[in-house]
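K.L.:
Residue-level listing of the chains:
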Amino acid sequence: MTATRTEAPPTGPTRLTDADLDLLLLIRHFELALLDMFGRGELHGTTHTCLGQEYVPVALRPLLDDGDHVFSNHRGHGHYLARFADPHGLLAEVMGRQGAVCHGVGGSQHILRDRYLSTGVQGESAPVAAGVALHLKRAEPGRLALVYVGDGTWGEGAVYEALNMAALWELPLVLVVENNGIAQSTPTGVQLAGSIGGRARAFGVDHLLVTSTDTNTVRAELAPVLRRVRDRSAPQMVELLTHRVGPHSKGDDSRRPEEIGQARAHDWYGRYAAAFPEQFSEHDERQRRYVADVVREVSGRPASRWDGVDRG
Amino acid sequence: MTATRTEAPPTGPTRLTDADLDLLLLIRHFELALLDMFGRGELHGTTHTCLGQEYVPVALRPLLDDGDHVFSNHRGHGHYLARFADPHGLLAEVMGRQGAVCHGVGGSQHILRDRYLSTGVQGESAPVAAGVALHLKRAEPGRLALVYVGDGTWGEGAVYEALNMAALWELPLVLVVENNGIAQSTPTGVQLAGSIGGRARAFGVDHLLVTSTDTNTVRAELAPVLRRVRDRSAPQMVELLTHRVGPHSKGDDSRRPEEIGQARAHDWYGRYAAAFPEQFSEHDERQRRYVADVVREVSGRPASRWDGVDRG
Amino acid sequence: MGLTVAERVVENLNQALHALMADDPGLHLLGEDLVDPYGGAFKVTRGLSGRWPDRVLSTPLSEGGIVGVAGGLALAGQSAIVEIMFSDFVALAFDQILNFASKSTAMYGRPVPMRLVVRCPTGGNRGYGPTHSQSPQKHFVGIPGLTLHEVSPFHDNHAVLARMLASGRPGLLFEDKVLYTNRMYADGVVDELFRYDYLGPDAGTARIWVDDPEQCDCVLVVPGGLAGRAVRVARELLLRDDIVCQVLVPSRLWPLDVDALLPSLARAGRVVVAEESTAGGTWGAELAQAVHSRLWGTLRVPVRLVHSADSVIPTAAHLERTVLVQDTDIHRAVKEVASGD
Amino acid sequence: MGLTVAERVVENLNQALHALMADDPGLHLLGEDLVDPYGGAFKVTRGLSGRWPDRVLSTPLSEGGIVGVAGGLALAGQSAIVEIMFSDFVALAFDQILNFASKSTAMYGRPVPMRLVVRCPTGGNRGYGPTHSQSPQKHFVGIPGLTLHEVSPFHDNHAVLARMLASGRPGLLFEDKVLYTNRMYADGVVDELFRYDYLGPDAGTARIWVDDPEQCDCVLVVPGGLAGRAVRVARELLLRDDIVCQVLVPSRLWPLDVDALLPSLARAGRVVVAEESTAGGTWGAELAQAVHSRLWGTLRVPVRLVHSADSVIPTAAHLERTVLVQDTDIHRAVKEVASGD
Ligand SMILES: Cc1ncc(C[n+]2csc(CCOP(=O)(O)OP(=O)(O)O)c2C)c(N)n1
Ligand SMILES: Cc1ncc(C[n+]2csc(CCOP(=O)(O)OP(=O)(O)O)c2C)c(N)n1
Ligand SMILES: [Mg+2]
Ligand SMILES: [Mg+2]
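Residue numbers (my numbering), protein chains in the order written: chain B, 1 to 312; chain A, 1 to 312; chain V, 1 to 341; chain E, 1 to 341.
In short, the hints are calculated from the structure, not lab data. Where is the CB? At the ideal position from N, CA and C, for every residue including glycine. Just to be clear, a hint being listed does not mean it is correct.
[As the list claims (entries may be wrong)] Result set (DSS-like, lysine-lysine): computed pairs, CA atoms no more than 30 Å apart in a straight line:
#, chain 1, residue 1, chain 2, residue 2
1, B, Lys137, E, Lys335
2, A, Lys250, E, Lys43
3, V, Lys335, B, Lys250
4, V, Lys43, A, Lys137
[Unchecked claim] Quick list of simulated restraints, FRET-style, between CB atoms:
#, chain 1, residue 1, chain 2, residue 2, range
5, V, Asp329, E, Asp310, 29 to 35 Å
6, E, Glu7, A, Asp66, 53 to 59 Å
7, V, Asp329, B, Asp86, 54 to 60 Å
8, E, Pro53, A, Arg305, 48 to 54 Å
9, B, Asp66, E, Asp310, 52 to 58 Å
[Unchecked claim] Okay, the calculated bits of chain V under chain B, using three or more residues with CB under 8 Å as the criterion:
#, stretch
10, 49-62
11, 123-135
12, 306-316
Kindly generate the complete structure, drawing on both the sequences and the hints.
P.N.:
In structure tokens form, the structure reads like this:
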């Protein structure tokens, strides 16, 4: 089994800056709004929300700069919003409206903007990120490529091929494993043998396990690790024990109520609300309203356009 | 780096039974005969000899029975001969003559006979072997599937996908890693990060490192391990540090003379000859003659036939 | 109209799997998230893991690996059906399909039965985007030893899957994702105008016709995923344009049973082949080649191919429509072919 | 005969890589066993790692992974050429090619240049057996964003590779393994009877002819790997059967530049397409479809396809011959087409 899912109640949250709290709440309300719109039949296609995992990209945000490459995956709204704070562009993308960051062609799972890329085939972007890291190592030393990988994605051989090359060639590649204990409907214990940390060690790659869901704590633990990757140019794995509070995509949560309850118990959202009620409620309300405005504004836009040379 | 290649001279060989020695020498002379025929232009296509590694399948031979499945690879002549003691059928296959075990269709790298199979795409048969092991576990408990994998083949993602499933489903699968320190022309250290043992541990799979090249010693170390796989139905990795004495295929050895010299220094053949000169020279001569007879006999056969329903 | 409401395609598939599992104790189902209560991304495997927990396995995300495992089961004399969650990901199993499962049937110098089916939920029109909407059938045409089938509302999936497994050849079964919620046709009746029957051995090809099966202005050949759309277009052509279009739906895409189609095609002398694949190297091109050489001199116009554009498949519905083959594309093609010379 | 002895194809390729590496400091070569002294399984990359040790990388055995790494380099604005040791193994990179490299050119709603070439030593006739002898070109036809080229003795590889990279579209370059040791043609002269020139933009298609390029009994279209064999057959047809056969060799297999071929094909009205692929879903079928629709009424007989049998490719030479396309097959087809009606 991989690092055991702690049953113990998580330690209390620390006070966040207003900016961090706003970003966390922006992501939260963005995701809730999407589920809401799906529920009302206003969205089609698919989406994967990061409810409960928002703090991961928020913790990472100040540790990355624009020159770093980020490779996101299917569950990427938080990754995108933490990088660009652009709910309009993202929502327009999901809805296929004007101003969409990829003209509505890519949709929720396929986004490219500057040095940020996501795609929908699990594991596929690990070698791609290694290739980018190979370039950075030579052309832009000190920069890194960061790739988000779920626990379930360790089923894919591509991840190991990438890790092997990254280790052999000492590439500045950070694999951020969001271990939320489940892949779609399948618990980690029945799709991943051994441990994620063991995989790092197998390839001689450093591994850091992060169990906290407190943005400050997570950031403090990650900071020296990313620093080291920049300084030494060597791959690094970071595994965060996290908790998927929502469904895999929409309405497809087949976990037992206790299981969902346990994930909820770890949710930073309720716990932060309890610990810092005043700061929380003010910002929560603000972001909820902001997202509602974004939804209203973007819903009113005409359909996105994609023609001519942009068709490739 | 993987388990360091020992520079120290290997420990002395123990006395082998005549049967084991004969089998080792049969394989040796078979391989030498192939290289010889290639050199004289009497063979076309390709071949990969197991010179220096003959003892691996010979040590395993009495530990396997006909009900076990063996998955071989490109370097499979020793694996085949240790299982079937059938140099005629194998040579006919390589030469495309009548009596060929696969009618000359498969050739050196693609052989199926009873529960023995080889194929030419590296890593591909690891999941296949896992599938067979899944069947054995249920239908024929106590039996196992054994798959030979080179050190270089750990570059392929398929191997990890197989190992993960074998561990999750507790399959009676033995991965025999013939770590000869090289893949075609590429030393292990530049194609494999970390260690092979680490890979086993990453998936919670037992790993045994075997450094001896003495058939008796190797067999004694492997026996309890295979026993355990049968009794407990769980995957197992066995890594043998071995030495490729010949070229990768034919005439394509680009290693420096010192490197080849070092591989030769570990060759069981010369060392056994020195330790047990009488037994050796008698059997060596006998097997050399036997193989020469086989070559003569098979060379005289007409071309293999493949028609009708056999074309699939 | 007095027609019994037939089961949905997804139910037919699900029942087929139940029946096959019950009949063959050596059959295994493998795939991601197959087991209950989830029952697979498209719910095709619902209820199966409860009945046969040992033989219905939710696997890790390892498309190549699970097709390999299935190949091992087949090699050991068992049968296996793999679900690939989206057919786009069958790309990850290309090696196992091309170089192991298909090759094994013949490369050892004698026939080796490989009872293995890879099920592939296929196609677009659901807004899943460029890597979850493709029609990869064409990439697998012409692999020696491999057969390709496509689910259709005219072909019972129990019969199709049973035949695929019994053939001893590995096969891919493409399942149009939009089709899942459509209903199967039954009793030879499509609607108040159209009837259907079957051509060829094993009732392999469904023939949908108006009035007289031997009379039509044009034949439209489609794989199962387009069957409903083809029937819709044929209806419109009849009502709006007074064109009598016969529709042929072969269950097996490869190898092609051209002989079963030829009499119809020869009679009409006018042929359209429509499929959802993007342009180039399509199944239709292969079929057209067979028809052009077999019916040279009989055809009145060249075989017309209709397919999606040479483009990635966008996510947004209004853009997806500009790429994927539309009813109007098929309609226009049949109209031109029916009147051309 | 006074002809200068031109370099071998493998030397031309090797020199092309040297020149490209010298010109483009952003170009990387990746593949198994590329570096010296080994210099690649077929010695195409000889001498390169010595000059550019940082940019010529011997990789682990990870076909999917290295095409992914190359995709990453391309994404970062660099260029990359990957060598797959045997093209059979490109199956392992199918996902990276189909779903990443090709898709990335368009699926983000705007063009993204991907300067990436995957070199694939291809084909049989060397006794390497069923998993080391295939011609997988056909499986990649019709992938939006992807181009396919094939090495020919008429097309300088420096120009071909430079064009592929400059196009900003990922491409596969198929290299017939037997061709490596053949010589390039030079100066418009094939032999004492045959001359050649080029058609289409970028001299994309080589045209080989006797006496008069505008006169022939039949046109034989082949990819580069069959060019030498096609010329040999054309010579025999001339000398033994008095049939004038023009040979066309397009360097780019996909997208097809049909326009460049049409005038020749229309003049002759008789067309044979030959390739080494096994039967079904072939490149030839796609070309034939284009020709049948564009030249309907002009063709005297349907386009004839010649290819290998629908079979695994056996190892033993005497068996391999019974499967792979032979000169006699092409010869017979041209003879029949030239005299048929
Ligand atoms: C190659 C591939 N196989 C399957 C899928 C379908 N799929 C999307 S997400 C997912 C589960 C991923 O689990 P994990 O990596 O743990 O990420 P999480 O969803 O938990 O964030 C699956 C099976 C896919 N997108 N790509
Ligand atoms: C998928 C695949 N890639 C590449 C090859 C070509 N190839 C054959 S053997 C070999 C090296 C294998 O090295 P290793 O696994 O260490 O086995 P060894 O040859 O040392 O026994 C290579 C690259 C292949 N057969 N299959
Ligand atoms: Mg997960
Ligand atoms: Mg090795």
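K.L.:
Report the numbers of all earlier hints that the structure fails to satisfy, in ascending order.
P.N.:
1, 3, 7
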